[in-house]
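**Q** The lines below spell out each chain.
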Amino acid sequence: MGTFKLLQGNEACAEGALYAGCTLFAGYPITPSTEVAEYLSRRLPLIGGAFIQMEDEIAAMAAVIGGSLAGAKALTATSGPGFSLKQENLGFGMLCEVPCVIVDVMRGGPSTGVPTGPSQSDIMQCKWGTHGDHPVICLTPAYVQEIFSETVRAFNLAEKYRTPVIVAFDEVVGHMREKIEIPDKGVLPLENRRRPTCPPSEYKPFDETKGDVPPMADFFSGYRQHITGLNHASDGFPVNASPRIHTDEQRLIRKVEGNRKDIIRYETVMLDDAEVAVFAYGVSGRSGKSAVELARAAGIKAGLFRPLTIWPFPEEEVAALASRVSAIVVPELSLGQIIYEVDRCAKGKCRVEGIFRVDGDPITPTQIFDKIKEVK
Amino acid sequence: MSFDYDQYIRGGKLPHIWCPGCTYGIVFKSLLRAVDSLKIPKDDIALVSGIGCASRLPGYVDWNTLHTTHGRALPFATGLKLVRPDKKVMVVSGDGDATAIGGNHFIHACRRNIDITVIVLNNFIYGMTGGQHSPTTPMGHIATTMPYGNVDPIFNIPELAKGAGASWVGRGTAYHVPALDKLIIEAIQHKGLSVLEIINACPTTHGRRNKFKSPTDMLLWMKDTFLPITAFGKLPPEKTAGKFPTGVLFKKEGAPEYCETYYGLVERLKKQREKGA
Amino acid sequence: MANQQVTTAEKIEAIENPTVKISIIPRYCKGCDICVKLCPTQVLAMERFLVKVVDIDKCNACMLCELRCPDFAIFIDKKIVDKKTTEVQETPKGE
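Chains as they are written, first to last, in my numbering: chain A, 594 to 969; chain B, -5 to 271; chain C, 233 to 327.
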């Protein structure tokens, strides 16, 4: 039996990081994520970890990557404007295959937007925010307990696949308080990056002959290496106009896309015999669950598909769903972002209808229920 | 030869990419000699850079090397140092990388006085991208983005570092090589944020456009313009215009170093908990 | 990665006299002319954009060319003559 606490979503995120073995947080104050930083500023010094508030969001992302290269499990937390700033260094982390976790507590946007209101309008940015082709893992918890466990999972995925992992939840879920259970140490399995065992003279930081996820040596551990943001060969040194660039970038994408079964998680509610499905995540997923219950009470066979992993997108699951329902309703706190993915995967086999809201308040169960009735 | 550079240069990497007459190679050799004399094991050193010609240096050296994004070497280095405060972390950066896009990180690293050695290779131009003006391109000089002569005022890098809180500030040049070795040694040994500006030449994108006839001319210009601090001090005030001192320009021993302060707090909290237990 | 003998694996053109040996690695020389211009005794010259020794006897092993070469292309070995045995050794590395 673990410990029970009444925690805010952001605090649960911090607890998840600590549970996973995080020993470095570098961040910058930004509503509505600041509580993650503040919580860790109290806890990390007590476990000998490093907490630093950097001079800006870009520096925070850099420090996280630097710390991870030295062997630490590292976290940063931000919101829309800060997430925009972090993109270049996030891409560096992806190309150089550095495990780390980035939390985006989504708020109204674009620009300064609505700092204290929820949104889900960074979700495409999570996938495409940084330039170039890059692998993306993005998790979307909707409950405070889930924020805890998905943050632990984010660290595990980061270590296992040697890649930055984004945890994206909205301001409502980040600021709400719910009772959660923090399991005892050892209950939830933890992953650690595979470190090399070969002699240092043979070590290559991106040795694809050792698998799609190459072993990664810590800086200062006796395995000297060169890490660069230029496209590079397996020995870490830059290459230009080489077929290697193509094959190595394909490997990066394959690290994630080829491991969908391991990475994709979702929750379904009353979906087995559903005729209308609701595809929703985060706070919209919570409203979606209530909406589906309302619909069932009114005799409509509705069901919920709630992704916990949004990237890689659950393509197969949505394609299969589209074959057996007449419509998928996609409520999102944006003017339509994830709906395009649902539509792409539905391939015209069913109607795909969105509910969009960007006024600073969540979509209500009633709104979703009304739409279900409309499309049935 | 007077020094075995082989022990530090990664195999098969020479000749390096810097242009004929680029003085970065001179500084590179000086850095290797300086670090060698300090007998720091290779595994214990990280050299971090941003983007630009200066930032290409780490790829050549057999240390833990990290070539990051433009202007951002210092925060990457800060992450490394925070996790391994027992190791030597150094940054090499160009004038644009350190003081333009990297300006914010530069002043904050100085303010924190974190124990990182920052070597700024100032060649007065953005060389890698073809010769655009930087925050140190002399007024009136021609650059690709100042075709009528630079009108953009310039930084004095040591003054910037000192003003921001760096506890060791020095300036060397690629001409005054033996003095440079000593400056690099002192910059590395100093505990706290050290900023060593090293005056360099870019004949290809700067020298050629500004009436320097050869790389050697640029070195001789350095000899005449950047004077050892004692010689500079002896100049009458009216003769100092357009001349700059080299050497250790500012030093403050015993200033609180960031990691020491932070981990000192961690220790104190631990002792408090043990007492209370 | 294994550290090979970087410079000595390259083709070296060496010329010597009883007091000094000047080694040039042509592949590294970029013809920048710095060593030639700054040699105080005019030992060197440029030939087809590569440095060449023209008068080794004028060399007093001041080391300035080696110190100022940006490209690891020229090295000076001062020969130390042991006065007792007249055994000659080149400058030990690291001095």
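If you're looking for bench data, these hints aren't it; they were derived computationally from the structure. The reader is advised that the hints may include incorrect statements.
List of simulated lysine-lysine pairs, DSS-like, C-alpha gap at most 30 angstroms [stated by the list, open to error]:
1. B:K246 x B:K269
2. B:K7 x C:K315
3. C:K310 x B:K36
4. B:K237 x C:K284
Calculated from the model, a selection of chain A residues having no Cβ within reach of chain B, i.e. all distances over 10 angstroms [as the list claims (entries may be wrong)]:
5. R817
6. R917
7. K966
Taking beta-carbon pairs under 7 angstroms as the criterion, some of the chain B residues facing chain A (in silico) [stated by the list, open to error]:
8. A40
9. N98
10. N204
It should be emphasised that the depicted structure is a prediction, and the values quoted were computed from it without experimental measurement. Glycine is no exception: its CB is placed at the ideal position from the N, C-alpha and C atoms.
**Q** For every hint, state whether the structure bears it out.
**A** Hints, verified against the model:
1. B:K246 x B:K269: At roughly 36 angstroms apart (the allowed maximum being 30 angstroms), K269 of chain B and K246 of chain B break the hint.
2. B:K7 x C:K315: Between K7 of chain B and K315 of chain C the Cα gap is close to 41 angstroms, so the pair fails against 30 angstroms, i.e. violated.
3. C:K310 x B:K36: Distance ~29 angstroms between K310 of chain C and K36 of chain B Cα, so the pair holds.
4. B:K237 x C:K284: 35 angstroms, violated
5. R817: R817 of chain A not clear of chain B: closest Cβ-Cβ about 6 angstroms, inside 10 angstroms.
6. R917: 47 angstroms, holds
7. K966: 51 angstroms, holds
8. A40: At about 6 angstroms, which falls below the 7 angstroms cut-off, the nearest Cβ of chain A leaves the hint on A40 of chain B intact, so it holds.
9. N98: 6 angstroms, holds
10. N204: 30 angstroms, violated
The earlier numbered hints that this structure contradicts are 1, 2, 4, 5 and 10.
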